[in-house]
Amino acid sequence: MESYSDQELLDLFTDPVQRERAFTLIVEKYQRRLYHHIRRLVISHEDADDVLQNTFVKVWKGLGRFRGGSELFTWLYRIATNEALNFLKRERKNLFRPWEGYERQLEETLESDEHFSGDTILKRLHKALLRLPEKQRLVFNLRYFEGMRYEEMSRILGTTEGALKASYHHAVKKVESYLRED
Amino acid sequence: MDWMKDRGKKEDGFRVPEGYFEVLPGRIMERVRQERTAVPLRRRFYRVAVAAAVALFLAGGTWFATREAFAPSPTEQGLQAYILNNEEVDEILLYDFLEQEEEITPDEKNGDEDALISYLLTEGVDENMITELY
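Heads up: the protein sequence lines correspond to chains A and B, in order. So in our numbering, spot 63 of the first sequence is number 63, and the numbers just go up one at a time. So in our numbering, spot 74 of the second sequence is number 74, and the numbers just go up one at a time.
By construction, these hints were calculated from the structure, which means they are not laboratory data. These numbers come from a predicted model, not from an experiment. Treat the hints with care, since some could be wrong.
Said to hold, decoys possible - With beta-carbon atoms standing in for the labels, derived distance ranges: (1) A166/A with K9/B: 21 to 29 Å; (2) E35/B with E176/A: 44 to 52 Å; (3) E46/A with Q34/B: 14 to 22 Å; (4) F21/B with K58/A: 18 to 26 Å; (5) E103/A with A59/B: 46 to 54 Å; (6) R104/A with E18/B: 54 to 62 Å.
Quick reminder that beta carbons are idealized off the backbone N, C-alpha and C, glycines included.
All chains should be modelled from the sequences, with the hints used to inform the complete structure.
In structure tokens, the structure reads:
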């Protein structure tokens, strides 16, 4: 499969005749990374599928106005992150339960998920992560699972590198504590 | 736990149904096309709704403005109601009006058959029935 740079894809998108092809190539290039980023937050495959589709629909609508002020990858991640966090916010409100109720539901989804192939320790890690505040869980996911640099994370989340490092440090401590309890 | 501080990408254990990423771009493109079609329909609906509201407003305004011009002629009931509310009405004029109504209908006793037939036809009486009578 031919691979295009982000700039080439953006240039292709500006051509009305090539627009759909350019968009499809962008989806193919970033779908897996964005899917896993979202899935680690919402847990369920069906929900991740919904949020991912909503993300790319927003990408389609906004790509014409994207001026390249940040990297395409950063912009896509920002949209995906916002969509996932908004989804979690709506789900929590819909359930009319406190946060612990929704967290319990996510744990149960994780436990019964036929699309989870991780071992026991990985499942325990995800359950521990569900007990973290959302933003801390987000930082942990990006740093631990994606191996993302703090500089890049800072551009996506709009938070200083120092705050992100502190957030990751606290997240690690809490997860260690939860895993020792279990 | 040093393993958590280890850099680099790691598997998160989440899997997808077989073929999911192969068909996903097509599904998303289809959804984008559907949303592009749906938006013009919504815009069309709003335009029609606004046009209907304006037409209704104009029609209502026209009706109110022309009410007096198409006001029905005073009927006996309307006249009597008016009288009840207005003491200054001249009773002689009222009686003249009431007698005038009786003169409108054709006078059978005069035997004016043509006038009677014309009257009956204008009142919607069946032509065949009139033929049987005369």
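Cβ separation of E35/B and E176/A, checked against the hinted range 44 to 52 Å: With a Cβ separation near 45 Å, E35/B and E176/A satisfy 44 to 52 Å, so the hint holds.
F21/B paired with K58/A, Cβ distance criterion 18 to 26 Å: holds, 19 Å
Range agreement (Cβ of E18/B with Cβ of R104/A, hint 54 to 62 Å): violated, 30 Å
Assessment of proposed distance window 14 to 22 Å (beta carbons of E46/A, Q34/B): holds, 20 Å
Assessment of proposed distance window 46 to 54 Å (beta carbons of E103/A, A59/B): Taking Cβ atoms as reference, E103/A and A59/B lie about 59 Å apart, which means the hint is violated.
A166/A versus K9/B beta-carbon gap, inside 21 to 29 Å or not: holds, 23 Å
Taken one by one, the earlier hints fail for this structure at numbers 5, 6, listed in ascending order.
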